[in-house]
Amino acid sequence: MTDATAGATPAVDPGRKSKSIITTDDNTRRRNRAEKRFQYYGIAAIGVGVFFLLALTFSILRSGLPAFTETAVSLEINLSQEQFDEAESKLLKTGAYEQLFVQALQQQLNAEGEGDVEVEEDAVGRIMGNVGSEIREFYLANQDQLGAPVTFNVPASSRVDRYLNGGLSRESLAESKFLTPEDLDIVDRLVEAGTLTNVIDWDFITGTDSGVDNPGGAGLGASVIGSFFMMLVVLVLSLPIGVAASIYLEEFAPQNKLTDFIEVNISNLAAVPSIVYGILGLAVFIQFAGLPQSAPLVGGLVLTLMTLPTIIISTRASLKSVPPSIRSAALGVGASKMQSVFHHVLPLAMPGILTGTIIGLAQALGETAPLLLIGMVGYVARGYPDGIVSGLMDPNSAMPAQIYTWAARSDPAFYEKAWGGIIILLVFLLAMNALAIILRRKFERRW
Amino acid sequence: QSRENVQIAGSSTVLPYATIVAEAFGENTDFPTPVVESGGSSTGLSRFCEGVGEGTIDVANASRAIRDGEVETCASNGVEEIIEVRIGYDGIVFASQQSGPEFTAFEPSDWYQALAANLPQDGEMASNPNSNWSDVNGDLPDVEISAFIPGTRHGTREVFEENVLLAGCEETGAYDAMVNDMGMSEDDAEAACMEVRTDGASVDIDGDYTETLARLESNPDGVGVFGLAFYENNTDTLKVATMSGVQPSTETIASGEYPVSRPLFFYIKKAHIGVIPGLKEYAQFFMADEIAGPDGPLSNYGLVSLPEGELDEVQQRIENETTMDSQS
Amino acid sequence: MYDADHNRTENRVGQTDIKISAKDVQVYYGTNHAIKDVSVDIQDKTVTAFIGPSGCGKSTFLRCINRMNDTIDIARMEGLIEIDGENIYDKRVDPVQLRAKVGMVFQKPNPFPKSIYDNVAYGPKIHGLAKNKAELDEIVETALRRGAIWDEVKDRLDAPGTGLSGGQQQRLCIARAVATEPEVLLMDEPCSALDPIATSQVEELIDELKQNYSVVIVTHSMQQAARVSQKTAFFHLGNLVEYDDTEKIFTNPQDSRTESYITGRIG
Amino acid sequence: MYDADHNRTENRVGQTDIKISAKDVQVYYGTNHAIKDVSVDIQDKTVTAFIGPSGCGKSTFLRCINRMNDTIDIARMEGLIEIDGENIYDKRVDPVQLRAKVGMVFQKPNPFPKSIYDNVAYGPKIHGLAKNKAELDEIVETALRRGAIWDEVKDRLDAPGTGLSGGQQQRLCIARAVATEPEVLLMDEPCSALDPIATSQVEELIDELKQNYSVVIVTHSMQQAARVSQKTAFFHLGNLVEYDDTEKIFTNPQDSRTESYITGRIG
Amino acid sequence: MSNTLLALIVLALGAIGYVIGRQRALKATDGDQRKLHSLPSYYGTNVLLKTMVPAFLLMLVWLLAQPIVVDRSVRAGLQDESVRQDRSVSLVMTDVRRVANGLGIAVEQGVMSRDEARSLDTQSTDVRARLGEAGVALGSDVTPAVLEAAQQYRGLSGTGDIARFALVVALALAGLGWGVRESTPSFRARNSVERGIKSLLILASCIAILTTIGIVLSLVFNTIEFFRIYPARDFFLSTTWSPSFGGGSELGILPLLWGTLYISLIALLVAVPIGLFAAVYLSEYASKRVRSVAKPAIEILAGIPTIVYGLFALLTIGPLLLRVFGDDTVGWMDGGTAVMTAGLAMGIMLIPFVSSLSDDVINAVPQAMRDGSYGLGATQSETIKQVILPAALPGIVGAILLAASRAIGETMIVVLGAGAAARLSLNPFEAMTTVTAKIVSQLTGDADFSSAEALVAFALGMTLFVVTLGLNVLALYIVRKYREQYE
Ligand SMILES: Nc1ncnc2c1ncn2[C@@H]1O[C@H](COP(=O)(O)OP(=O)(O)OP(=O)(O)O)[C@@H](O)[C@H]1O
Ligand SMILES: Nc1ncnc2c1ncn2[C@@H]1O[C@H](COP(=O)(O)OP(=O)(O)OP(=O)(O)O)[C@@H](O)[C@H]1O
Ligand SMILES: [Mg+2]
Ligand SMILES: [Mg+2]
Ligand SMILES: O=P([O-])([O-])[O-]
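Residue numbers (our numbering), protein chains in the order written: chain A, 21 to 467; chain B, 638 to 965; chain C, 74 to 340; chain D, 74 to 340; chain E, 721 to 1207.
So here's chain A without its partners, still in its complex pose (with noise of 0.2 Å):
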């Protein structure tokens, strides 16, 4: 031993000057160096990682704010019980109404103009949006309100609301058909006299969809509620299952081919693409099972099918990181396997669980893909739901599936329209994994 050691370490002599702790050797300040960078490493992926977060929330808020607002037109009309009749005997009833509200606006342009040019009723309409139906649902519901004057608040068509933002200059206009650079001059006049306001649009949180030429009545509330029961499907279902399957994969299932055929299984089912799983949602559930089309239940089965490999390969990844002592000290004082795991290792895992299901659920709010073979992405203006299995069975569509129709619409407003979405999207999004965060705070511990 001590020849053979003598000449691995010759630092060591009896006399030797011991290493001062405050100047720092050459070793040293080299990892040191390397810990400087290592963390600089970890400094600079978190940074990269908030920095694509901002920018990526910097141009969704760039581009979806103005989602929020409106131009309107206020105006006050008076509609004869003949008017009523007439527009209530047409096929096209709403437009009836529009065409009733287009004069009203013509006239009074032509009254108060200065005579010389007459206001053609064509590009009263063209600045316009859709405003049928709101003038014909409130008649529809106050046939009293027949012969007096009404006040009526409805939106103006979103390129004036593009032309007001800033988005649209008058060159610009040269070729458009929907509204014209003369129209403008209408415009500004509607804006002085202060019948043009900018307004925040509640449709658009809580309204349903709307056509493609009537992006002024485009909302997404009904698809939040949509989203809503899905991801309630999805959360009731894919938790509880997927922290079950875990434990008995991870804690009790022997370990076989069986399992090891279950855990190949199950971290592929994670890398089938999503719209895969709307053939079978749609083989399944549908046709199968006959469950209707178009249904948040159908769509919540889908998602929570997709979900399940995320929740189950985190699971059973942080049961493996709890320590075995734990499950020998529970298993020493008499407790079963099942005490053991509930009582103890569960608490542990907790954290990455919780982790597992944000993302989860997470990746499942936001998908589209899915949806697309089980009937919710498309036109599915429904409204509300009048209870929870209403909510779950009627068609209904769902924000990403909202947003993803929108975006894929011709009109730019519907762009922004999607982009708007995606912040209502994010704020669910956050709001539903609030609750999970601060959970999972609660159970971060380390010994």
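Watch out, some of these pointers could steer you wrong.
Derived BS3-like pairs (lysine-lysine); straight-line CA-CA distance at most 30 Å [unchecked claim]: (1) C:K164 / C:K109; (2) D:K198 / A:K277; (3) C:K174 / E:K755; (4) A:K357 / C:K109; (5) C:K227 / C:K204; (6) E:K1201 / C:K206; (7) C:K204 / E:K747; (8) D:K164 / A:K462; (9) C:K227 / C:K174; (10) C:K96 / A:K357; (11) C:K96 / A:K462; (12) C:K96 / C:K321; (13) D:K227 / E:K1201; (14) E:K747 / A:K357; (15) E:K747 / D:K198; (16) A:K357 / E:K755; (17) C:K164 / E:K918; (18) D:K96 / A:K39; (19) C:K198 / A:K357; (20) D:K164 / A:K39; (21) A:K39 / E:K1105; (22) C:K118 / E:K918; (23) D:K164 / A:K56; (24) C:K321 / A:K357; (25) A:K357 / C:K204; (26) D:K227 / D:K204; (27) E:K1008 / C:K198; (28) E:K1105 / C:K204; (29) D:K198 / A:K56; (30) C:K174 / A:K462; (31) C:K174 / E:K1105.
Don't read these hints as lab results, they were simulated from the structure.
Being a predicted model, the structure only gives us computed values, none of them experimental.
Given chain A's structure and the hints, the job is docking chains B, C, D and E with the ligands onto it.
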């Protein structure tokens, strides 16, 4: 529980029009607003043909006519009676960034020569040498060829290939050269005319027109293929080029002057009429003069509506529930 | 509640009921043959000490007795162990019930990452030993007192058990084990981190326990073995070399290895 | 390598270079005042024993010396500790270098979940003590031999360190600590899980180490303290009650508490 | 309504059972729970499970089966006479159900009396109008046969409802009785309850298998159909992917698989290092406050809809890369859309998948490991790299696998960011596309759904499924081999 609403699925090209109708239908009648799903003509038709009954859709939108194979599948699944409704035409236009190079007039031959994978040269097929638009046609700007054309999943692609590439191929005489000089079969020559280069000068867009628009936004020299309605909604960012000297508009397309357009359809399961409340009413509403006519909201939005007589005929067919086989 | 029976049972010490009987026990860790052919009868109401050099298999054998080895994947056990005449590796045996009956104090203290109170109360709770909170409080207090740690922790019962000093953790684990009132208590070096006073308190506890129960203790201290145990088993390289009355082992060992070990010549 | 210097340094044992000097050290765990006003000078090339009842603060104080307390969130330290005249809590001090100089064996053996070889090789590797694999092999072997565990593990150097018996883990941790050649070695109950033979081997190691280094050992065994240490410090309830030559402490303690403790009256 | 009531009754019985079981067990030992085999609550839970589980199962099965049975018998009655020449039975049944439902609603709303609903006939009443009053819209007038069938339907359903109610309650009571009888002190209630719970756990893991079977089944038939019209050899070995309408498509999967792997690889090259470093920083270096903010913040990245990433790739990352690697500089890149563009965007999205989960497992490594390393004079980074990460490895591998899976399954980013070109190339600055993107586009496109061009989506899905299965087996094998050293 029984289904209350009409359930529709299919083409994303028809979807916008269907949403306009569905919204108005819900607002103007006592029936619940129909549900219109997107997902593509093929998906729509495949679900349409799954069978009859409440669990299946009532109407399939399609940006192409149903194919024989699909009719057979339908029939074998019990969907024997189908009412075909042609709703109008979709014009296909060529547009570039408003502030981009001066793309104002195209000929099919320009597109053929710019996008073909191989061009006949000295009796041989050689890979396309053109790298700039000006190489193709001196009147076009001297910028790199960068075209965004519909991907092969889109029906628009088929129209583009036949009405633009093939037409251009014939126009330039390349087709004749292939058949006559090089001894290709007609089919091979046609295929060669429609084969698109893959060196990056042409990019297939599998998504929607909004994607094409976004691509143009990140590439100012690009030229994209759009639907007429899309272009009309985006005149502030896009400028359109003429094709064979014709300016695309609902009028020139309706009159047949403008060469690139295709018909749009929806298909109704006759067996569901009378079972699903509002189904027939929806079809009637859709094709009513006030809606699908030249002054209706559909045309206003960009649909090229059917000529007078044809519209009447379609209305008649819906009224009589005339199915496809009985009409032929 | 142990104290109540104290007087009555005193006189029965020394009786030779066999509580645990092991026959031809083999334990393998993978290919490592850790316990070789060990047969031993452990008596009721007796303290049995396992001694032997580090790594000879004492802990391993101890863990066989309450089937804690089941939890080590690579461990494999052969042979027969009976407690009260019942084969504990029988299929019908519920290891949970077995472990409730055969308590264990591990070599490395392993408190739960919970409060001190909860650490001790956990066993009684799951075994339903307390009817109400007051009773549970009492059980906890008694157990902590018996574990000779009550005075140190009585003011911080809500503090986490993992924040205790090494010796305190060890005593906490002893308290936790006795709180469930096992019939057999297996203690793997329970006093290794304890000062002499605490050690003697734990030894007192062991003495008290043996009035009713059977205690097996692993120790490296010959003195401790001599002090607390009536029987001693000497393990060496996985073999049970000698098993006899403690007195005899320490005064007149039969095997030369035993002698070498207790006189400090082999390790 | 230590042996080579054996003769030359022998005579210097007992010299009074001060290696570590602590002044008015206070440690709090949250509100719990665990170390109260401790001042002590620890000499170079000397073995100093810390004794005292469980929970009195020995480990806590030990951890102050190489700033391991830094890793406990709620722990807060006040006062001054100097090693070789340098304040170890100075801002300029690199705790990493400090800990390389002041090695530690923890009370609960904590082998890494790596092979036995890697457990030992880890320290030398990060400190760059070996030029090549052969040298590293040698360092590992030497360390394991000094930790008195070589014979038991030489055939299974690739087996995980966590699969060793309690005492083996403890010795592995000792080997791991000496492999990095610290100038000061803090050992928290290094022999608690060891049989007498292994204990004496470790004690020999300590003896050998003190030729060049300063060793602080926490122990509950008065005998051990008396055997290996030259200086003894007695802690009680967070106070350093008495610090003096070992001989003196054990024969003629100044404080009544010390006397009580070593005679086994307070715990 | 009655189902809710039934469920409530069963729940109530369960609760009662819990109390009785518990009490009975306790009473038998005069309130001394120590003499019981298990905790009293286990006796209660045992009864509760025995009361509720079979009853709910029966209810569920019955609810699923009753419509089928009723349907079947009503259908049998319709078979001969009333199936209108042009209508299939299933459509008539739709009508029947609608009318039956309508009658139900009408009765509920008081528009009709129960007897009236039962005795209604088409001659004397305009059923469509009457039902219209109750807000039930019918597609056409009601024929006598349909009305009759609807009335029969209602009758049968009513009988079924009553029978279900009675039987479910009876079963619940029986379970309750059985459970209560069992509740003797020596009964191993805990074992019984745990067996029950364990079965539930097993059931939960079976869902994964069922999903797999479902996916395979929903893909396999169309895949076979595809291979019937398109040669498998070409599909697997051809290096060209160029679908076209006129037939003569070349559908080789290789370029797509290559694109999938390439893009996923780049995404992982971005996400894994950044994610791991972020995780390490969060769990080891960052203060509590920073951690509590940064971790959830980074998790938002996982929740941003992928379309946003797609647009971000297309509009921001692409042009940026083009400026750096484009023709103006090194000339590696021709267009903004490329493997690199999509890979980077996807990598950003995947950061939280790696970072959050790894952070949790790293955090779970016991402090003693860290202490051991610090005590040897290791720096924090050495400790992390050599002790903590290896100890946390199984969990980290899980996190990475999850991220990889997500990368393989992602569509939107690829569609927008990677370009749609299917090609085999090593240059990461060229456009490529992935299997998933093509599944979506072929499935949702305009092609004839019975053509090879549409069916290929299923074959792609199936192949991807098998390929990832293989990769997962490999991963499991590697992890096992690696892990064995440690535990
Ligand atoms: N991490 C911690 N958190 C809170 N309190 C602690 C922590 N570690 C130790 N203590 C407390 O500080 C005091 C001193 O503990 P320390 O570990 O120093 O004792 P010790 O002398 O080493 O005892 P032993 O001989 O039992 O190891 C004890 O009261 C203990 O409960
Ligand atoms: N989990 C394990 N995996 C593999 N080998 C093990 C394991 N536990 C113990 N061993 C080996 O089995 C043998 C017996 O170990 P055991 O723990 O029973 O020893 P011991 O007598 O308790 O020693 P000590 O006094 O040091 O605690 C040793 O060689 C040890 O290395
Ligand atoms: Mg041991
Ligand atoms: Mg200590
Ligand atoms: O969605 P499309 O079928 O019209 O391309």
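Each hint, compared with the structure:
1. Simply put, C:K164 and C:K109 have alpha-carbon atoms about 23 Å apart, close enough for the 30 Å limit, and the pair holds.
2. In summary, the hint linking D:K198 to A:K277 is not supported, as the alpha carbons are separated by about 40 Å, beyond the 30 Å threshold.
3. Annotation: proposed proximity of C:K174 to E:K755 holds, straight-line Cα distance about 14 Å (limit 30 Å).
4. A C-alpha spacing of about 29 Å is found between A:K357 and C:K109, which places the hinted pair at or below 30 Å, so the restraint holds.
5. Among the hinted pairs, C:K227 with C:K204 is consistent with the structure: their alpha-carbon atoms are about 22 Å apart, no more than 30 Å.
6. Distance restraint check for E:K1201 and C:K206: the Cα-Cα separation of roughly 49 Å exceeds the 30 Å cut-off, and the hinted pair is therefore not satisfied.
7. For the proposed pair C:K204 and E:K747, the alpha carbon gap of about 13 Å is at most 30 Å, so the pair holds.
8. At roughly 34 Å between alpha-carbon atoms, D:K164 and A:K462 are farther apart than 30 Å, so this suggested pair is violated.
9. Under the criterion of a C-alpha separation no larger than 30 Å, the hint pairing C:K227 with C:K174 is consistent with the structure, at around 28 Å.
10. A hinted pair counts as satisfied when its Cα atoms are at most 30 Å apart, and C:K96 with A:K357 qualifies at roughly 27 Å.
11. Distance check on the hinted pair: C:K96 and A:K462 sit about 49 Å apart at the alpha-carbon level, beyond 30 Å; violated.
12. Between C:K96 and C:K321 the alpha-carbon distance is near 23 Å, which keeps this suggested pair within the 30 Å criterion.
13. Taking the CA atoms of D:K227 and E:K1201, the gap is near 23 Å; set against the 30 Å cutoff, the hint holds.
14. In summary, the hint linking E:K747 to A:K357 is supported, as the alpha carbons are separated by about 28 Å, within the 30 Å threshold.
15. Simply put, E:K747 and D:K198 have alpha-carbon atoms about 67 Å apart, too far for the 30 Å limit, and the pair is violated.
16. Using a Cα cut-off of 30 Å, the hinted pair A:K357 and E:K755 holds, with the two alpha carbons roughly 22 Å apart.
17. The hinted pair formed by C:K164 and E:K918 meets the criterion: a straight-line CA distance of about 18 Å does not exceed 30 Å.
18. Pair hint D:K96 plus A:K39 holds up; C-alpha atoms about 22 Å apart against a cutoff of 30 Å.
19. Among the hinted pairs, C:K198 with A:K357 is consistent with the structure: their alpha-carbon atoms are about 16 Å apart, no more than 30 Å.
20. At most 30 Å may separate the alpha-carbon atoms for a hinted pair to count; D:K164 and A:K39 meet this at roughly 17 Å.
21. The hinted pair formed by A:K39 and E:K1105 meets the criterion: a straight-line CA distance of about 26 Å does not exceed 30 Å.
22. Annotation: proposed proximity of C:K118 to E:K918 is violated, straight-line Cα distance about 38 Å (limit 30 Å).
23. Restraint check: the Cα-Cα separation between D:K164 and A:K56 comes to about 16 Å, which is no more than 30 Å; the hinted pair holds.
24. This hinted pair does not check out: C:K321 and A:K357 have alpha carbons roughly 41 Å apart, beyond 30 Å.
25. Proposed proximity of A:K357 and C:K204 is supported: the alpha carbons are some 24 Å apart, at most 30 Å.
26. With a C-alpha separation of about 22 Å, the suggested pair D:K227 and D:K204 falls inside the 30 Å cut-off, and the hint holds.
27. In summary, the hint linking E:K1008 to C:K198 is not supported, as the alpha carbons are separated by about 34 Å, beyond the 30 Å threshold.
28. Only pairs whose Cα atoms come within 30 Å are accepted, and E:K1105 paired with C:K204 is rejected, the gap being roughly 51 Å.
29. Under the criterion of a C-alpha separation no larger than 30 Å, the hint pairing D:K198 with A:K56 is consistent with the structure, at around 19 Å.
30. Pair hint C:K174 plus A:K462 does not hold up; C-alpha atoms about 35 Å apart against a cutoff of 30 Å.
31. A threshold of 30 Å between alpha carbons decides the hint, and for C:K174 with E:K1105 the separation of about 44 Å lies outside it, so the pair is violated.
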